Amino acid sequence: MKIRGVLIEDTFAEAFTMRVARLIITGRSVRWAREATLKLTGFATSVIGCKCEAAIERELGADETPDGRPGFSVLFMTMSKDDLPKRLIERVGQTVLTCPTTACFDGLPDAPDRVGVGSALRFFGDGFQASKVIGGERFWRVPVMEGEFLVQEKFGMVKGVGGGNFLMLARSADAALEAAEAAVDAMSGRTGVILPFPGGVVRSGSKVGSRRIKSMIASTNDAFCPTLRAVTDTQLPEGVNSVLEIVINGTDAESIAAAMRAGIDAACREGVVAITAGNYGGKLGPHHFHLRKIMSGAPA
Amino acid sequence: MSAGLVGRLRQPLPARVDLAEALAGSWAGLGAKDLARRPARLGGKAVPLGELFDLTGTPAGRIRFEGDLAAADRIGAGLSEGEVVVDGSVGDGTGLGMSGGSIDVRGDAGARTGGAADDARRGMTGGELLVRGSTGPEPGTRMRRGLLVVAGDIAEHAGPGMIAGTVIVFGSAGRAPGRWSKRGSIVALGRVEIPPTYRYACTYQPDHIRLTLLRLRARYDIMVDDRYVSGFYHRYSGDLADLGRGEILAWTAE
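Protein sequence lines correspond, in order, to chains A and B. Quick note: the first sequence, position 269, residue 278 per the working numbering, numbers continuous. Quick note: the second sequence, position 46, residue 74 per the working numbering, numbers continuous.
If you are wondering where the hints come from, they were derived from the structure by calculation, not from laboratory data. This one's a predicted model, so the numbers in the text were calculated from it and none came from an experiment. Hints may be right or wrong, so weigh each one.
If you want a taste of the chain B side facing chain A, the calculated C-beta under 7 angstroms gives, among others [stated by the list, open to error]:
| hint | residue |
| --- | --- |
| 1 | T231 |
| 2 | Y232 |
| 3 | D235 |
| 4 | H236 |
| 5 | L239 |
| 6 | L242 |
| 7 | R245 |
35 angstroms max Cα-Cα, derived DSBU-like pairs, lysine-lysine [to be verified]:
| hint | chain 1 | residue 1 | chain 2 | residue 2 |
| --- | --- | --- | --- | --- |
| 8 | B | K210 | A | K163 |
| 9 | A | K95 | B | K210 |
| 10 | A | K11 | A | K216 |
Glycine included, each C-beta is placed from N, C-alpha and C at the ideal position.
Let's have the full structure, built from the sequences with the hints guiding it.
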């Protein structure tokens, strides 16, 4: 299969089941909502080193948030259900509670599984905290020097998918970056999908384990490193001098597939030789996103 | 979607009627015939609810009462589920000790609205009670949880002995609000006299008030002016003659 001259390789992205929460962060202005959100989702690219993966899902208008202020929705993901509340409590406590004017709400109100977040953060109030039940949901008012921090007691948790991906194999670094930027633009702001890496793009795709150090759980994906073409079992076609990857996490496989379809289509442009995807032979992750199926419009 | 049950008053009430048992406990799944068998007390005498009201419709967790119910006391007492709408004014003790569900009174309400039975330690323990007119004295007595909204005025003594929960009054809060309140919140959007046992804390924008008022707009279609949603409130802590963890939040135009 080729799209505008770019080969779509007959392979698939292999992804994993993760646990997901959706947070709604609001503030008096977009500026402060964004500040809290960027801190919350900072250093959250990969569970390998960050213990969680998180990013902005989309910006929300004042008419879309529970308290009528501007905000952002965030998807926050961990590998296990036990990890999710731990990481949320750490990060909301350090980045949203601390940020002027912000409040933090659950964005998955219909999820039957609930994890306590405000129920733990309330203790920062040192006994002066108070709760309010509004519309059947409990919120905690934590007194802070600015006034009060309002946080929902529990957040919904659902099973999601992490690790959808595709790689853009390009003739030059500039071409790879332009393709990646176009793909990210096409994939951003979609409900149910995040791109947790910087600007949505990964330059350091990894393989499982290491050739030399047994304790390492991941190391550089040498088969796709152009500088190692001559000394490793390269998977790079001739003429490829730079590769960038986009990792896609989401609340469900269908949302990820739809985002991949839009992203790959945008990435098929001048200077790109092929689009491929990372997998582990299909033995590790239960979710397989076949590139050609996706690009032909078939269900994920 | 079914509109639920409708209870039309068959004829003007000849005496005060006590409807305390009409909607107490589980009722939302009952049909009109079953609900008609529930007891009421007319002038102290037990009569089936169906003798007073023509009950029609199908169960959908909702009931609407129609007719002049100003002499009907304790509508929705002990309510734990479902939506109750009263098209007009009601008597005393509406929503007494309710624990869930909602009551929307589209008129005035009498004394002890959302209050507690005389021998009960707690009043409302949950649910939402909305009075679109004014109330008599002592609404929200010994409230433990829940929301009582009065779109008009409160005669006097709002939320006596509140343990927690929230009373919002759009009009005058009346004399002596929040007496003996432990942790309750009285939100006064209109005139309010701050009792001497309350102490000023600060002027700020409480996020939970914004959230609550926006919910009232969305859920009950109440006209809530933006100046209340995004406005500033004086916070007074009290009742310092009791636990003192409660508050009066008085909206300010400053």
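Hint by hint, here is what the structure shows:
Because the smallest distance between the Cβ of T231 of chain B and any Cβ of chain A comes to about 10 angstroms, over 7 angstroms, the interface hint for this residue is violated. A distance limit of 7 angstroms between C-beta atoms decides the matter here; for Y232 of chain B the minimum to chain A is near 4 angstroms, and the interface restraint holds. Here the hint on D235 of chain B is kept, as its CB sits about 4 angstroms from the closest CB of chain A, short of 7 angstroms. The closest approach between the C-beta of H236 of chain B and any C-beta of chain A is roughly 5 angstroms, which is under the 7 angstroms cut-off, so the hint is satisfied.
Here the hint on L239 of chain B is kept, as its CB sits about 5 angstroms from the closest CB of chain A, short of 7 angstroms. This hint holds: L242 of chain B has a C-beta 5 angstroms from the nearest C-beta of chain A, less than the 7 angstroms allowed. The beta carbon of R245 of chain B comes no nearer than 9 angstroms to any beta carbon in chain A, farther than 7 angstroms, and the hint placing it at the interface is violated. Proposed proximity of K210 of chain B and K163 of chain A is supported: the alpha carbons are some 25 angstroms apart, at most 35 angstroms.
The suggested pairing of K95 of chain A with K210 of chain B holds, with an alpha-carbon distance near 33 angstroms, which does not exceed 35 angstroms. A hinted pair counts as satisfied when its Cα atoms are at most 35 angstroms apart, and K11 of chain A with K216 of chain A qualifies at roughly 27 angstroms.
Hint compliance for this structure: hints 1, 7 are broken, all remaining hints hold.
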